[in-house]
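J.: Let's have the full structure, built from the sequences with the hints guiding it.
Line by line, the protein sequences are chains A and F.
Under the numbering used here, the first sequence is numbered contiguously, ending at residue 228.
Under the numbering used here, the second sequence is numbered contiguously, ending at residue 476.
These aren't lab readings, by the way, just hints derived from the structure by calculation.
Mixed in with the good hints there might be a few duds.
Here are the computed lysine-lysine pairs in the BS3-like style, where the Cα-Cα straight-line distance is at most 30 Å [as the list claims (entries may be wrong)]:
| hint | chain 1 | residue 1 | chain 2 | residue 2 |
| --- | --- | --- | --- | --- |
| 1 | F | K312 | F | K388 |
| 2 | A | K79 | F | K312 |
| 3 | F | K312 | A | K127 |
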Amino acid sequence: MSEQLNSIKLSNAQIAWRAAQDIEDGEYVNLGIGFPEMVAKFQPEGREAIFHTENGLLGFGQAPKEGEEDWDLINAGKKAVTLKPGASFFHHADSFAMVRGGHLDVAILGAYQVAQNGDLANWSTGKGGIPAVGGAMDLVNGVKKVAVITDHITKKGHPKLVETCSMPLTGVGCVTRVYTSLAVIDIKDAQFVLREKLADISMDDLQSFTGAKLHIENDVTDLIVPQL
Amino acid sequence: MNKIQSSLSEAVSQIKDGATVMIGGFGGSGAPLELIHALIDTGAKDLTIVNNNAGNGDVGLAALIREARVSKLICSFPRSADPKAFSERYLAGKIELEIVPQGTLAERIRAGGAGIPAFYTPTSFGTEVAEGKPVEKFEGRSYVQERWLKADFSIIKAFKGDAMGNLIYRMAGRNFNPLMAMAAKHTIVQVNHVVELGALDPETIVTPGIFVNSVVEVSNPQQEEILNREGAYYPPLNAPLSNNEAGA
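T.: Now the structure itself:
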């Protein structure tokens, strides 16, 4: 079945596109490093979010051309960025005052596991190696809406949406919405509530790839994204 | 008053074995690369280093770690494009690591500089990072107590500075630098430009000189990202031994 899944599931770009549709004009947004950074590319026309990066910059734009990088002008992923009109610089304590103080509207992060009560595990597999937390624990405890974008299952076919996280937690009860390669799921009253799913997957199959019960509140709509 | 020092080696000469040293920067941005290299040249060891990262490649903080000068690292994110200097020593059990969430790290340093011994933050509540720390409820929500962080020395980078130690920074190179300037007994700054007293507009000064002890000009600072692309290595492998090393 997981081979069949590969033919219908959304690509990372498509997951990022879907997440971008929910960002309103003028919202202050932090995108996690790596895959979540892709969300910035898919802002709907006529809307402009202001992007925050932990290392002290609001209002950055896309990457410069190769050879035009200024290495004092980078994002949290240590990638060179550019400035948009109205951008500002600030030190790290002010940057995290924005984060913890509830001034940012949206944070979009990746995940190893998300539990039905909104617990997030995304910083350590708990299997040794070198731990690295960065700003994730601050973001999940301070930003108004914390969303996750992720494949619905791991490469080995295990559910990433689970009853209880088995990996070390990043935050407790912090995630409110999950955009996966198969569905859009809200977390409400410590339950997964299914909002959208791909038309090509049955409810039973989707449930079988999900580690906790999917609840249905209102109509479930088709998850429709463009070819990207 | 004149805080200007004539050389990098003079600026770092007071840093001795066993010191706690905060190093500014986020990755290479705002990192005082020349001061770190001068610190390597002193031979000071058994250092506790506070930095957001753990170095990248074979220059700067990575070189300080590779040269076995660091016994403990306090940081939020010890990964990079090329983290082998840290990874090898960590996995061999030769360096202690204290992982601190990035915002908590910034606030602990700020608190250290501001005379606040402890504070409560929502960050890390319910995670293994909070184990053993006091938790208290405020307005129905749980918060974790964190302690201030202070240092014997901070070595930081700014864009312009004057003889009183007033500083402005460049772009996102500001990051941890103004916080670390406050949190050490002795703060050493490398600036791209030393300017005349009065040349910096008092309205735009980010770090007032009261937090700064020494200023040294490095007019064309090297950039970690560019050195790493070139495969640079510090100290240079084919360089003649300095008097200091020859005598050691």
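J.: Work down the list of hints and note, for each, if the structure agrees.
T.: Right, here's what the structure says about each hint:
1. F/K312 <-> F/K388: violated (33 Å)
2. A/K79 <-> F/K312: holds (20 Å)
3. F/K312 <-> A/K127: holds (19 Å)
The structure fails hint 1 only (numbered hints given earlier).
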